[in-house]
Amino acid sequence: MRLVRDLGRRKLRSTLTITGIAIGIMALVVFGSMANKMNALIGGGSKYYQDKAIVSVGSMYSGNIQPLALSDVQKIESIDGVAAATPTVDMLLSSEGGATSMGTPEMITGSIPGGDKGLETFKIDLASGRELTAADADSKVTVLGSDLARRLNVKVGDKVALRDVQFTVVGIWAPTLTAPDKEAYVPLAAAQDLFVKSLPPLIQSKIVASDIATGITVYPQKGVSPETIKTRIEDLLGKDYTVMTGKDFDAMLGSFSAIFSLVLTGIALLSLLVGGLSTINTMAMAVAERTREIGIKRAIGASRWRIRREVVLESAAIGLIAGLIGLVIGAAMTTLFNDLGRESGNVLFELTLGTAATAIIFATGLGAIAGFIPAWHASRLDPVTALRYE
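All the letters of the sequence shown, read from the start, carry residue numbers 1 to 390 under the working numbering.
It should be emphasised that the hints constitute simulated quantities derived from the structure, not laboratory data. Honestly, I wouldn't trust all of these hints.
Label-pair distances were calculated between CB atoms; the ranges are [stated by the list, open to error]: (1) G81 with D240: 34 to 42 Å; (2) L16 with L253: 23 to 31 Å; (3) S198 with S71: 15 to 23 Å.
Below are the EDC-like pairs computed for lysine to aspartate or glutamate, each with C-alpha atoms no more than 20 Å apart in a straight line [said to hold, decoys possible]: (4) K47 with D240; (5) K230 with D116; (6) K123 with D138; (7) K230 with D240; (8) K47 with D235; (9) K239 with D72; (10) K230 with D125; (11) K206 with D72; (12) K247 with D235; (13) K47 with D138.
These figures come from a predicted structure and were not determined experimentally. We treat Cβ as the ideally placed atom computed from N, Cα and C, and that holds for glycine.
Start from the sequences and build out the full structure, keeping to the hints where you can.
Have a look at this one:
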């Protein structure tokens, strides 16, 4: 109660100080949540690529996807150290290209169920329905990622149009916070047909859908590294092919994670500077206003440690209150932005318990540290001089 009373002595000043820190903490929560989402996407990709090599020509993310011959699968399977090689067809869900997004684009992915021969370690749980099976090879069926299913507002058993072709939804994956959340997984034959139809008419007439793929997923034998397989594939197929491994993925996207970490650090330092200076100013003026009170406490036996503790606790309370307010506002903003983005499939924020706890601890610690200088000054006041203070 005494702590609340002391804060209430200067309502306007305390409110302004709390507001300044709360704004910094709000920014910390929002940018931290965005960094969490980006790191989850990058971490998911790193986990997916870590035990395999992906062979392609062009880039699915730039929309520059070029077909490769299905006969390349047999060539790769003959390479020493390859345990399995399975063809895939990847294409953007929209024929208009990928929309501007902070995350991954919505994709259609076609492959052969079981083509990995049980070697795939990146497992995705089902929220409802079932996975595709070998019996679905010639069917128009699909398993949707959680974000894509939510955007399309469909459930298991519903029909969904993928590139103007009707598919039956047989399963919906549980959220992974990574790229599969925006994917429509279909049988290879269906994806091949969709891909060929997306090509210019002149090229369509020269391609047999069942003979092409856009990528080949290669699984090394136990004890053989993906980097070794990459070298052998490049030696066999030549430099026109792109071979992506986990090491390549980390090198390509690791810089994005570093950038977001730097942004987060910058926001934290900014809130430290603004909030810290504001708190120091508030507590210094509070000490000046209560000089006589401090003198009386020292005269009747209050130790310097007790004076320091009272001022630091009051300063920490300012930080804690500001941190809670900033966290609530930041959480509300991330929830609102995610709700607005779900319709377009852009969920950009992931507020974790760790981010929330960091914000509160940071704000409280900031307040305590900022209050230490005024607390030290207060504890060093001479009781006699303080009692004469007007």
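Do the hints match the structure? See the list:
no., hint, verdict
1, G81 with D240: 34 to 42 Å, "22 Å, violated"
2, L16 with L253: 23 to 31 Å, "42 Å, violated"
3, S198 with S71: 15 to 23 Å, "22 Å, holds"
4, K47 with D240, "26 Å, violated"
5, K230 with D116, "17 Å, holds"
6, K123 with D138, "24 Å, violated"
7, K230 with D240, "13 Å, holds"
8, K47 with D235, "26 Å, violated"
9, K239 with D72, "14 Å, holds"
10, K230 with D125, "29 Å, violated"
11, K206 with D72, "18 Å, holds"
12, K247 with D235, "19 Å, holds"
13, K47 with D138, "31 Å, violated"
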